[in-house]
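Protein chains: 2
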Amino acid sequence: MSIEINDIPALARGCAILGTGGGGDVRTGSLAAIRAIRAYGEVPLVRLADLPDDALVVPLSGIGAPTVSHEMIHGEDEPKRIVEEVERLFGRRPSAIMSCEIGGANGVAPVAWAARLGLPLLDADGMGRAFPEVQMVSMYVAGLPAELVIMSDIVGNVVTIRPVDGLWSERLARAVCVAAGSHALMADYVLTAARARGAVIEGTVTRALEVGRATEGAADPLRALQDRLGAARLITGKLTDVERRTTGGFVRGTATIEGTGAERGRRLTLELQNENLVALENGEVRAMVPDLITVVDTETAAAVQTEGLRYGQRVSVLAWPCDALWRTPKGLETAGPRAFGYDLDYVPVEELTAHG
Amino acid sequence: MSIEINDIPALARGCAILGTGGGGDVRTGSLAAIRAIRAYGEVPLVRLADLPDDALVVPLSGIGAPTVSHEMIHGEDEPKRIVEEVERLFGRRPSAIMSCEIGGANGVAPVAWAARLGLPLLDADGMGRAFPEVQMVSMYVAGLPAELVIMSDIVGNVVTIRPVDGLWSERLARAVCVAAGSHALMADYVLTAARARGAVIEGTVTRALEVGRATEGAADPLRALQDRLGAARLITGKLTDVERRTTGGFVRGTATIEGTGAERGRRLTLELQNENLVALENGEVRAMVPDLITVVDTETAAAVQTEGLRYGQRVSVLAWPCDALWRTPKGLETAGPRAFGYDLDYVPVEELTAHG
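Top line first, the protein sequences correspond to chains A and B. Start counting the first sequence at 1; every next residue gets the next number (full-length UniProt numbering). Start counting the second sequence at 1; every next residue gets the next number (full-length UniProt numbering).
Chain A with its partners taken away, still in its complex shape (with noise of 0.2 Å):
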């Protein structure tokens, strides 16, 4: 199959909700997917099943705050830099490009930047959700060694890492991130199919599209959507505080949302790390990452992202499963609770809101 313009509101909705609040504006990534489309034509989705062993995918990805990226939106020749930096540095043209994270912007703009290269998307990603930091993707929990990182800014630099690990590709693309201006397009990892085959999430591309269907024409959007991502309704309210700042490249910072209707009284407070990352009722957790945990509009179950949480809002909270791949003790070691420095031993969601 291929992606046209039609498909860009479903695949932007379902990455937002995908987003756990974060990895950027979807806005801004739609509008890119559907002037490149425009341009260039449709994109092919492609499964790894049916590329070679041997071709090349290069994961791609914005870095950076998205507080930022609101205001300063990717240059177009990022994608071109970073695939010409592969051709020199393996000899070949890639075979495809994937997004890192189909959280957010990241799910989307991939299209953008696949449709102006001339390249198929792979139906994958690296996170089946959003996740603040460069070494928190399946290949690193995969155990594949963090051996390069492209980055290309909008200035046009061009950046090749070769880290020891990936918590130096982190530190160091975090560095020049911050000094491009909290901003750049970053290829994480350049995989051979052959090396992607287990160490990459596989169809998300087709899952974000769905989710992002399953409001479409509802009666009850808020239940169609919970129904299709299989979620726990944590809480119905109202955004009564939220505080934010931006610093080292992230945003930081809590939301609380306080029971509306039938559920006045309770209280729900969010802590965010540009996503959402624990939800917390008197002192509980209800859901902690890598779970999904994500804030939609209670009336049209449209994810509201960090960025946009307002005063006054009548949203719910809805959690869900992460990917089978986090919950080993390499993937909770990497963005489990503790990875983000809350002292607090990861129980699935499932769990937690088994009463609720």
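One should not assume that every hint holds.
[What the hints assert, rightly or not] Listed next, the in silico SDA-like pairs over lysine to any residue satisfying Cα-Cα at most 25 Å (straight line): (1) B:Lys80 x A:Gly91; (2) B:Lys80 x A:Leu148; (3) A:Lys238 x A:Gly261; (4) B:Lys330 x A:Gly156; (5) A:Lys80 x B:Leu89; (6) A:Lys330 x B:Val155; (7) A:Lys80 x B:Pro145; (8) B:Lys80 x A:Asp165; (9) B:Lys330 x A:Val155; (10) B:Lys80 x A:Leu167; (11) B:Lys80 x B:Leu45.
Everything labelled a hint here was simulated from the structure, so no lab data went into it.
Could you slot chain B onto chain A? The hints should help.
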């Protein structure tokens, strides 16, 4: 000729004098050079004229805060990793390495790197002195595009930067350096001998050796050094005040010297940013960057580096002309007083000290 163990003390003394207070601790570089020559043999010193046009020259230097390099010395593998990256990018082995910066440790340590790599050292550098920023090199002033920076840190990370210009090479390299602990090894440009001609400052390794030997056995070391350098003596006195801070990968501050003996009542202030940049007396500039200003011990004429400045030291301050390249409009734009934030029109030290 070759550089032997016996040459290192004179080379170190000369490099410290040319370092104008900065460029890192020559003692660390000396120990590394002596140890490497002992293990790998003498280092051939080659002239640019001896190299064929297509020979590759790799200009190397440490980047970072001198106060940090005291405690965190280079590892032994950084030069090797950088040369491996050069070989990967250019498909051939370099013919020589070059010091980016003859002043300070970066003038001495390349002997160790060359010995370890089994490569000759080019009798040239990119400054003829020390400067604190990446783009402040003769290659940039000569108009060579700042197209490649390769960095390696003690951890083993390798970062390759293709900057859009020299200022971005500084900004990105500095960010990587700070992320890596405020200290890294860097190849700034990779030059063919053909491109290096006219774009490097030749003969500066030999010059540093001569400057270092000028005081050997001299009855009046200060006089002998002053004659060899063609330097003016700005003051002889006592260090009465030193203010220093390490910030953003730099050491910044001021040092005040009060005249003693016949010079009692005079007071000279030095403005520092890794190097000594401006010398002021009664609000009048006595010497300014890019001319060289070095504090020396009055008795031995040994250089006192910025990080070695101590209350009560008996010192003299010497100032002498920089290489003609730095006095061109592009040279002054790159490393003149305004490049460091001083609202001063450059006046050559010979004119400022004509009546001194």
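Do the hints match the structure? See the list:
no.	hint	in the structure
1	B:Lys80 x A:Gly91	holds, 23 Å
2	B:Lys80 x A:Leu148	holds, 18 Å
3	A:Lys238 x A:Gly261	holds, 10 Å
4	B:Lys330 x A:Gly156	holds, 23 Å
5	A:Lys80 x B:Leu89	holds, 19 Å
6	A:Lys330 x B:Val155	holds, 23 Å
7	A:Lys80 x B:Pro145	holds, 21 Å
8	B:Lys80 x A:Asp165	holds, 19 Å
9	B:Lys330 x A:Val155	holds, 23 Å
10	B:Lys80 x A:Leu167	holds, 23 Å
11	B:Lys80 x B:Leu45	holds, 19 Å
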